[in-house]
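So the sequences go chain by chain: A and B.
Per the working numbering, the first sequence runs over residues 86 to 324.
Per the working numbering, the second sequence runs over residues 86 to 324.
Identical chains blur together in the list; that is why a pair holds if it fits in one copy or across any two.
With a straight-line cut-off of 25 Å between C-alpha atoms, the simulated SDA-like cross-links for lysine to any residue are:
#1 K219 x T285
#2 K196 x V136
#3 K138 x P159
#4 K274 x S255
#5 K178 x L148
Hints in this document: simulated from the structure, not taken from any laboratory.
Residue strings, one per chain:
Number of protein chains: 2
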Amino acid sequence: MHIEVIATICEARSDEFLHKTVIVVDVLRATSTIITALMNGCKGVVPVETVIKAKELAREGDLLGGERYCKKIPGFDFGNSPLEYSREAVQGKRVILTTTNGTRGIQKATKADRVLAGALINAKAVAEAAIDLKRDTVIVCAGTQDVFSLEDGICAGLILDEIAAILGESQMMTNDFGLAMRGSYLEAKDRLLATLLACTNGKKMKKSGFLADVELCAKVNTTDCVPVLEHDQMVLYQR
Amino acid sequence: MHIEVIATICEARSDEFLHKTVIVVDVLRATSTIITALMNGCKGVVPVETVIKAKELAREGDLLGGERYCKKIPGFDFGNSPLEYSREAVQGKRVILTTTNGTRGIQKATKADRVLAGALINAKAVAEAAIDLKRDTVIVCAGTQDVFSLEDGICAGLILDEIAAILGESQMMTNDFGLAMRGSYLEAKDRLLATLLACTNGKKMKKSGFLADVELCAKVNTTDCVPVLEHDQMVLYQR
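Isolated chain A (complex conformation) (with noise of 0.2 Å):
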């Protein structure tokens, strides 16, 4: 199985995902909020680039969560923190959902396959199922306003690492990005929220008082909830 690692969203070419898997990664926060929500009983969560989209395509009853630059939205239900999507807040309910980096990456997305979403609380999970839909898959790394973060660097190498001890080593093939990436991951795994902490932002969800977001985000494999994108909502992955 191929999976080639890109480093932010900027870098992704949407005509390279065609006919492939791609898993977008944001551990701080969007996928780690997307995944929240679903396994909160979220009915789906819709993706949208702008405020204005969120605004337009919101129905009654729907939810609007999202942030700019850390902060949520005036006149939204919820930011990006998923701590704000529990069971009480979002069963049964819609989410249109607006963010800076990870919604774009997965609207960015939309020529894949099937378009799935990963974060260290679902690293094992959206392995098993990137491995089920085998195609070759791409890991986007969505960064920060076009520059790598390396929360989601490290998580791309977990779910390599999870694939690798899935198939067999000699079974996963990844280009020079993923080997670093999974370098890194290894270099770091028992000190994980530690290390979020001190990339640039973790550091900078500490100081705006969203710890309590970080370690929850820094938790490696949680739950079995794998979001899979289906016309223009992220429903649960089923097998």
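On the provided structure of chain A, position chain B as indicated by the hints.
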């Protein structure tokens, strides 16, 4: 000291190099070759972008070196193997060098305050020189045809590690990509040759009969020689 690591030449914006020290890294093989040539008494290495420019610049007594896609250029004295640049071959001579990636990286960095050449073989020495120059520093991984190359990333990680060892951890600040490269280096440090042979360029070079080059380029801190760009040529950096 702030050290930014950039994944490929095409990501480097030359205006961002103003007033900074730039370390260009092309482990396989341009910077390893330039270091080896100067170590062996070569007067200076002139990096140029094109074959035509190399031929135009060559004066009586100069040597022409370079490659395109790993192969020696017809009519040139040498290819891009550091093993060719022996003391017998280069002492007292000037070399005009053109390679696919590394010399392009040096050309792109000319707006910097100083341009140094780094590789695994001189990592500690180039770290010391960068500290000595007391500027914000950018490590440019040359990559291959605008794609990230693992060996350059690992070398960047080693240079960061050397700087942290000299200045102390709290005095070495880097970007998320730098943190990832340092992790990747630390994970691979006890089997660097195997790691280089597992990445795209290493595999290609072994297949093309250049295993001895990879072996030479995978050795760490075998020389104190640091090339620095003076006007149009790389010469030995003197403190």
